[in-house]
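S.K.: Below are the chains, spelled out letter by letter.
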Amino acid sequence: MSETSGTVTSPGGRVGRGLINTAAVLALLYLFAPIFVIVLFSFNEPKGRFNAVWQQFTFDNWLHPFADQGLVDALFLSLQIAFLAMVIATILGTFVAIALARYRFRGGNAINYLLVLPLTAPEIVLGASLLTLFIEPNLILFNIQFKLGFTTILIANIMFCVSYVALTVKARVRGFDWTLEDAAMDLGAPPVRTFLKVTLPLIVPGILAAGLLSFALSIDDFIITYFVAGPSEQTFPIRIFGQSRTATPPQINVLATMILVASITVLAVSTLLGQRRQRKMAGG
Amino acid sequence: MTERRPTRPFPPMGAMTSGPLTRRRFLERAGLALGAVAFGPALLAACGSDDDSSSGGSSGSGGGGGSNDIAISNWTSYMDKPLLKVFEQATGISVDYREDVNDNNEYFAKIRPNLSKDQSIDTDGFVLTDWMANRIINTVEWAQPLDEAKFPNKVNMSPALANPAFDPGRRYSAPWASGATGIAYNISTTGKEIRSIDDYLSAPGTKTALSEMRDTMGLFMLSAGADPTTPSYAAAGPAFDKLAKAVDDGEITQFTGNEYVGDLGNGDIAAAIAWSGDVAQITVDNPDVRFVIPDEGGMLWSDNFMIPYTSEKPAEATEFINFFYDPANAAELMAFIQYISPVVGVADQLRTIGGEAAELADNPLVVPTEEFLAGLTIFGSLDDEQEVRFDTRFAEISGSG
Amino acid sequence: MTDRDDEGRKTARVAPWALLGPGMIFLFFFFFLPLYTLLRMSLSSSESRFSDPSFTWEWANYTEAFSQFGEQFFRSFLYAGAATLAALVIAYPLAYVIAFRGGRWKNLMLGLVVVPFFTNFLIRTLAWKTILGNEGVVVSVLRTLGFLAENEGLLRRPIAVIGGLTYNFLPFMVLPIYVALEKIDPRLIDASRDLYTNTWGAFRRVVFPLSLPGVFAGSLLVFIPAAGDFVNSYYLGSTQTTMIGNVVQNQFLVQVDYPVAAALSFVFMAIVLAIVTIYARSLGTEDLI
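So the protein lines, in turn, are chains A, B and C.
The numbers in the first sequence follow the numbering used here, run straight up by one, and end at 284.
The numbers in the second sequence follow the numbering used here, run straight up by one, and end at 401.
The numbers in the third sequence follow the numbering used here, run straight up by one, and end at 289.
Incorrect hints may appear among the rest.
[Said to hold, decoys possible] Derived CB-CB ranges, DEER-like:
#: 1; chain 1: C; residue 1: Arg205; chain 2: A; residue 2: Leu29; range: 43 to 53 Å
#: 2; chain 1: C; residue 1: Arg281; chain 2: A; residue 2: His64; range: 53 to 63 Å
#: 3; chain 1: C; residue 1: Arg205; chain 2: A; residue 2: Leu187; range: 49 to 59 Å
#: 4; chain 1: B; residue 1: Ala235; chain 2: A; residue 2: Leu29; range: 55 to 65 Å
#: 5; chain 1: B; residue 1: Pro168; chain 2: A; residue 2: Gln56; range: 16 to 26 Å
[Said to hold, decoys possible] Away from chain C, derived, C-beta distances all over 12 Å, residues of chain B:
#: 6; residue: Ala149
#: 7; residue: Lys150
#: 8; residue: Asp199
#: 9; residue: Pro287
#: 10; residue: Asp362
#: 11; residue: Gly375
#: 12; residue: Asp391
[To be verified] These stretches of chain C come out as covered by chain B in the derived footprint (C-beta under 8 Å, 3 or more residues):
#: 13; segment: 130-138
#: 14; segment: 152-161
#: 15; segment: 242-253
FYI, nobody ran anything at the bench for these hints, they're computed from the structure.
No residue lacks a Cβ here, since even glycine has one placed at the ideal position from N, Cα and C.
Construct all of the structure, not just a fragment, from the sequences and the given hints.
M.R.: Pasting the structure below:
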C-alpha cells in the first residue's frame, strides 16, 4: 500500500506541515477550553450566587452534588422524557426505516426528502410552530385541547427524534442481505415469523444505536422544549436557563462533569471492545 | 438453484467504533455514550435526593402532590428559606416554592396558554406587580378570591395599600412586598458617585436597564420632565428618545430581569437600573455596590400575591399569605429580603429582634419615611391602546422586539 | 423468487405504507400540521392582547415583521455566515490532520472532537461567558497587548456571539469534511503528488475540490442552526446583537404577539427550506446523515 501520509522533503512542505499540525492542535485546545473551565469551576467556592469568578478550591460541591433539589428534579424529568421519547420514536422510526429499506414503492423518494426536513429545520421554527399548534382552540377536525406540560414536551421530543431514528436505521439496514429472508421463507417460515426470527435480530444493534441517539438528543434539547413546556415543568436545560439569570450553583458544573466523565468512560470502553472484536473477527 | 453463501448482513456493533466515521456514526456514538450514561447521575440522584436541599420546599412533587401541598411561584430574593420551613412545620402544609417569576410579561406569557383554556398551571399562588395584578384580576379575570376565613391577619395590612383601585377591599390580592426602583452601581468601577439618570448615562463601563417597561421608562420620564403618574405616549416621547439614544450610543447594552444582580456583584456591570432590595443582598458579597434613588425621583411599586382560578387549594394558599402577615414573621422576612413590608408594626418588631434587624428599622428603603416616599412616584395606569404603544416602542428600543 | 432490485428491495404496494403509517402520521400531525398552524397564525390578528388571534388574512403582519425586525433577520444571516466561515477555517486543518495523519489514532481523535459536546449546550455557553468575562484571562491578555482598552470587554459584542456560535456547531463541520477527505481514493492523492511538485498544489487542485461535498454539507449543518440560535446572543450578546431567534422567543414568550413572530418564523423556515431543497437536489441527502 502506498504511503498516503507522504514523505515531503521540501522545506516549504515541512513548514506547511508544521503549520497545519499546529492549527489542528490549536483547534483541539479550542474545543476543550470550556470543558476545562466547567470542570475547574466545579471545584470553586463562589462568594455570591454566581459561579463566575474563581475564589478558592473546595471539595464541598462534590461532597454534596445533589444539594440543589430543583436541579435534580429537573434532571429526573429530562430523563423520563428522554426515555419515553426514545422508546416511542425508535418504534415509529424503525418501521419507517424498514419500509424504506425493504421495499421499492412509489413515493419512496418523496418520503425520504420529507424525513430530512425536520432534521434541518431550525429549532426555533420547530418550537414556535408546535406552540401554535398546541394553543389552537380546536384542532380542525378534532376537538383536542392541549395543555402545555409533560405531554406536549414528550410529543415535541418524539417528533424531532423520529427522523433521526428513521434515517439512522435505514442507513444501517442498507446492505442487509434480504435474501436471507427469502431463504427462510423458502424453507417454509411464514413471513411474520421470518421477520421476527431472522430479520429483526440482525438489525437490532442498529435500532439500539438509533434509540440511544434519540435519548441523547432528547436530553440535551433546549429550544424546542422551552417553547412547548408549561409553566411548571422544568427539564434540565430549562432549569439551567431559568436559574442562570439569578444563580449558577456549582452543582451544575458537578453534574455536568459527572455526565462527561461517564460518557468518556463508556466511549472508551466501547471503543476498546470494538477493537478487540475486530481483531478477533479478523484473526478468525 | 445455485448455492449462495449469505453475505454478512451488515457490520456488527463492533464496527460502530471503527471504520469511516460518518456524521451518523458520530451521532450514534454520542448517543450510546451519552444515553447509557446519563442514567448514572440520575440513579445516584434518586438515591441521594434526601441529601441537603438548599432550595427549600418539599421534594418537588409539584402543586397538588399531597393532600395539602401547595405550589407557589414568586420572584427571586423574596423569601427567607428557614422561615418557609417554620410555616411548613406550623401548618403541616408542604410548599413547593419556585422562584420562576423573572418578569411580569414573561410569566404572563407562560400561564396564558393554559389559563385561557381552563387548564391548570400547577400553581396555587403567584406574585405579580400592580399593573399585571390589575390585568389578572380585572382584564382577564384569572384570579380567585382569597379565603377570608383563613386570613385573620389581614387587619395588619398597611392602610395605604388596603384599597387600591384595581382591587378595592383586597378581595383577590394581598401585597407581598413593595420596593423602589433606582440606580445601583459599583463605585470602584464608576469611580464616582451617581445621583441621577444623567450621571448614570455618562458613567464609564457597562450599564444595563430593566426590561420592566414601567420601571425603566418611569425613571427616564422623570429625568425628561414628564409625569409618570398620568402617563401618555405623547408626553413620554422625549423620554423614549433619550432611552433610544442611550442604546444607540452603546451606553445601555442590555435590558434585564433579575440577571443584573450577579453581574453587578462580580464587577461585569458598572451601573444598572435596579430594585432596592436586590442591592441589599448584593452588598453582602460586594460592599462596593451602592443603591441610590435619582435626584429627579424614583419609582415605587408593589408586588401582589394572587391565587389563580384553577387552583384547588385556595384555603391553604390563603393560609400561606396569612402567615406572612403576622408582624413577627413579616419582620423576619423583611430583615432578610430588605424590601418594604406591607404589614403594620414591622418597624417595632425589627427593633425587638435587635442587632442588624434593628438598624433596618431606620433604613428608609425598608421602613420608608414620609420624606422618602415623597421622592417616589407610582406609574399610572394605561389603557389597552396606550399600553400597546408604550410596549411596542419600548420593545423596539430594547432590541429584541 | 421474489423480485428484488439492486439494493435488495422488493416492489410492493401496500406493505410499505402500513409500516410507514404510524411514523408518518405522527410527523404529519406534529411537524407538517404545525407549519400550517404557524402560517395561519402569521396571517391572524387579535382584537386585544389577551384573546386568541383569529385568522383574518392579515398580510400586514409580514410587512410589520420586516419593518420592525428586518435588521435582526439580516444580522442573523450575517453572524451565521461569519460563524460558518470561522468554523470552516478551524475545522478543516483538524479534519485534514485526522484523515491523513491520524493513523491508528483516528478514532481517538474523532472521539476527542466529540467529547466536549457531551456537556449541556447551555452550560458550555455559560462557560464561554466566564472565559470571555471581564475578570477572565482572555480579556486581561488582550488588554495587556493593547487590543482592548482598559474598560472594554469582549462580552456583549458581536465577536463574542459569533465566537459562541462557531464553537457550538464546530463538530458539524469537522465530521463531514473528515468523511469526505477519508473517502478520497488514496491513489488519486499519490497521483497528484507525482504531478504537482509541492503538496500545496496537490491540495489546491485535487484534495480540496474532492472534499467540497463535505465542506458544503458541513456549511449547511452549521449555517442553519446558527442562524436560528438565540442562546448565544442571549448569554454573550447585548441588545445590539439580537438575532431572529431572540425576536421569535421574545415575541412568543414575553410580548405574546404571536402573529408577527409567526410571520418571521415562517419566512425564516421558507428560506431554510429553499436552501435545503437546492442542496438536496444537487448534492443528495446522503452526506447529511
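S.K.: Any of the earlier hints contradicted here, and which numbers?
M.R.: The structure breaks hints 1, 5 and 12; every other hint is satisfied.
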